[in-house]
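Q: Once you know that position 182 of the sequence shown is 182 in our numbering, the rest is easy, because the numbers rise by one and skip nothing.
Please note that a few of the clues may not be correct.
[Said to hold, decoys possible] Pairwise CB distance ranges, derived in the manner of DEER restraints:
#  : residue 1 : residue 2 : range
1  : V246      : R456      : 39 to 47 Å
2  : A333      : G170      : 44 to 52 Å
3  : A455      : L356      : 28 to 36 Å
4  : T426      : L356      : 18 to 26 Å
5  : L365      : F50       : 21 to 29 Å
6  : E259      : V106      : 23 to 31 Å
7  : V246      : F268      : 13 to 21 Å
8  : R86       : V250      : 25 to 33 Å
9  : V106      : L451      : 53 to 61 Å
10 : G192      : T426      : 31 to 39 Å
11 : R256      : S45       : 45 to 53 Å
12 : A242      : S45       : 38 to 46 Å
13 : A242      : E360      : 34 to 42 Å
Read the hints as simulated data drawn from the structure, not as lab findings.
Using N, Cα and C, we set each Cβ at its ideal position, and we do this for glycine too.
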Amino acid sequence: MNEGPGGVAPAGGQARLMTGAMLGLASGAILVPLNSTMLAVALPSVMEEFGVGAATVASLVTLYLGAVAIALPASGSLGDRFGHRRVFLVGVGAFALASGLAATAVSFEVLALSRVLQAVSGALVSTSSVALLREMAPPDRRGSAFGLFDMLVSTSAAIGPLVGGLLVAGLGWRWIFIVAVPVALLALVTVGALARPPAVRVRGAPRPIDLPGLGILAVFLIVLLLGLRELERGGSPLVAVAAAAVLLAVFVLVERRTEHPAVDPHLFASRSFTAAVVGVFGATVILHGTLVLVPLLVEELQSGNAQTSGFVLLGISALGAIAAPIGGRMSDAVGRRRPAVIGMLACVVGLAVLWLVAPEATTLLLGLMLALVGFGMGLAGAPRQAAALEAIEPERVGMAAGTYLTGRYIGGAIGATLAGAVLGGTVTAAGVSTGFGLLTAVAVGVTIASLFLPARAVSTEDRVAVAAGR
1 MNEGPGGVAP AGGQARLMTG AMLGLASGAI LVPLNSTMLA VALPSVMEEF
51 GVGAATVASL VTLYLGAVAI ALPASGSLGD RFGHRRVFLV GVGAFALASG
101 LAATAVSFEV LALSRVLQAV SGALVSTSSV ALLREMAPPD RRGSAFGLFD
151 MLVSTSAAIG PLVGGLLVAG LGWRWIFIVA VPVALLALVT VGALARPPAV
201 RVRGAPRPID LPGLGILAVF LIVLLLGLRE LERGGSPLVA VAAAAVLLAV
251 FVLVERRTEH PAVDPHLFAS RSFTAAVVGV FGATVILHGT LVLVPLLVEE
301 LQSGNAQTSG FVLLGISALG AIAAPIGGRM SDAVGRRRPA VIGMLACVVG
351 LAVLWLVAPE ATTLLLGLML ALVGFGMGLA GAPRQAAALE AIEPERVGMA
401 AGTYLTGRYI GGAIGATLAG AVLGGTVTAA GVSTGFGLLT AVAVGVTIAS
451 LFLPARAVST EDRVAVAAGR
């Protein structure tokens, strides 16, 4: 069978999905999670070289995640306006330059600036890669495409600490940034040469960039992140939360009256899109909450070490990567709803067991329950993302991708903050149990939201309509 633009099979075809163009997209997409998780093991070395404290060096992580969350909505609008392929190429090129700046940083301030530049360029890559995948994958195999994509991204995040540890021990912390340069350049060359997504028919003039809306949204996210930071430090976030609520209301009011909004509130009129955003938000609350609770449980309460923590946490990422393509293929066959619900029910079971027995659980039981949680999250992830983006017309898919991914990053920040707030200054068995109890409740909520995803698979009529350009 002949392949279509970008080396992707036409709708209804069964040709391989992992073409050169798809590998190029994946190479770009792994940059953000890989450079987030690799840096964790390098923080002590950065502290020593630049003579900064723990709170200061931790800002390299929070600055990165916060800047990504703030830049995502703007990156989606830029993709819709100028083309997702063009924005992807600019993003990976800028990421390579920012990584080079970080690798040669002569001061902590320069390193922090390079992390912000990495985050902004990474946001361009994240939204445009998702949008390009949606455009290039045949509709009857879109779930499978997102499943393969999730597997690669999840695997990169999982191996980040291992790769980072080897680089730091053998060559020094600067090599964490050096290795990002060839990966970014590979994505730049491959997608530039091979990716030819189908043209999107835009009615009327190209959409202008909604600068006022993006500005209000950026201020809202900054205030929200500051509130979370205050909660993490044990203070009261009430002022920040109240200010964020006001800013959110103003943002919605402004966007409803704007002809070309940065984030159209009408996106949430789609039941599938709303369910998917709620789902990814809750799923990342669970993931990052778990990443805080488990190491503290193992190392503080059970007298384990970092190696043991890494071992039990490996299940949640490894099984998630294994389950991602399974969930994607399953959703192509039976619809997006069923694998998402089954996956989240598995999460509920695993988290409920941890809620009841975590403080006294053996390492084996912890690993098994976290593997169950990871498998469930992997099974649900690709169907959820496919449902979110195929519910939106092509000319707004960048906006939809930016909104979806912003929900993911905000969920991660809230999950980590809530876990820290529940534990407080001292790690106790009651605090750990309470934390897993809250995460169980979140998993139940995501399961309910998953019931609103599409129940049917992509039909033959859908495939013919897409192939005909209708």
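Q: Run every hint past the structure and note whether it holds.
A: Hint check:
For V246 and R456, the hinted distance range of 39 to 47 Å is satisfied, since their beta carbons lie about 41 Å from each other. The given range of 44 to 52 Å is respected by A333 and G170, whose C-beta atoms sit roughly 45 Å from each other. Range check, A455 to L356: about 33 Å between beta-carbon atoms, so the 28 to 36 Å window is met. At roughly 22 Å, the beta-carbon separation of T426 and L356 lies within the given 18 to 26 Å, and the hint holds.
Between L365 and F50 the CB atoms are about 41 Å apart, so this pair departs from the stated range of 21 to 29 Å. Range check, E259 to V106: about 47 Å between beta-carbon atoms, so the 23 to 31 Å window is missed. A hinted range of 13 to 21 Å holds for the C-beta pair V246 and F268, which are about 20 Å apart. Between R86 and V250 the beta carbons are some 32 Å apart, a value that agrees with the proposed interval 25 to 33 Å.
As the Cβ distance of V106 to L451 is approximately 54 Å, the hint placing it in 53 to 61 Å holds. For the pair G192 and T426, the supplied restraint of 31 to 39 Å is violated, since their beta-carbon distance comes to about 53 Å. Taking 45 to 53 Å as the suggested C-beta distance range, the pair R256 and S45 conforms, at roughly 49 Å. Our hint of 38 to 46 Å for A242 and S45 holds, since their Cβ atoms are close to 40 Å apart.
The hinted range of 34 to 42 Å is satisfied by A242 and E360, whose Cβ atoms lie roughly 40 Å apart.
Against the hints set out earlier in the document, violations occur for numbers 5, 6, 10.
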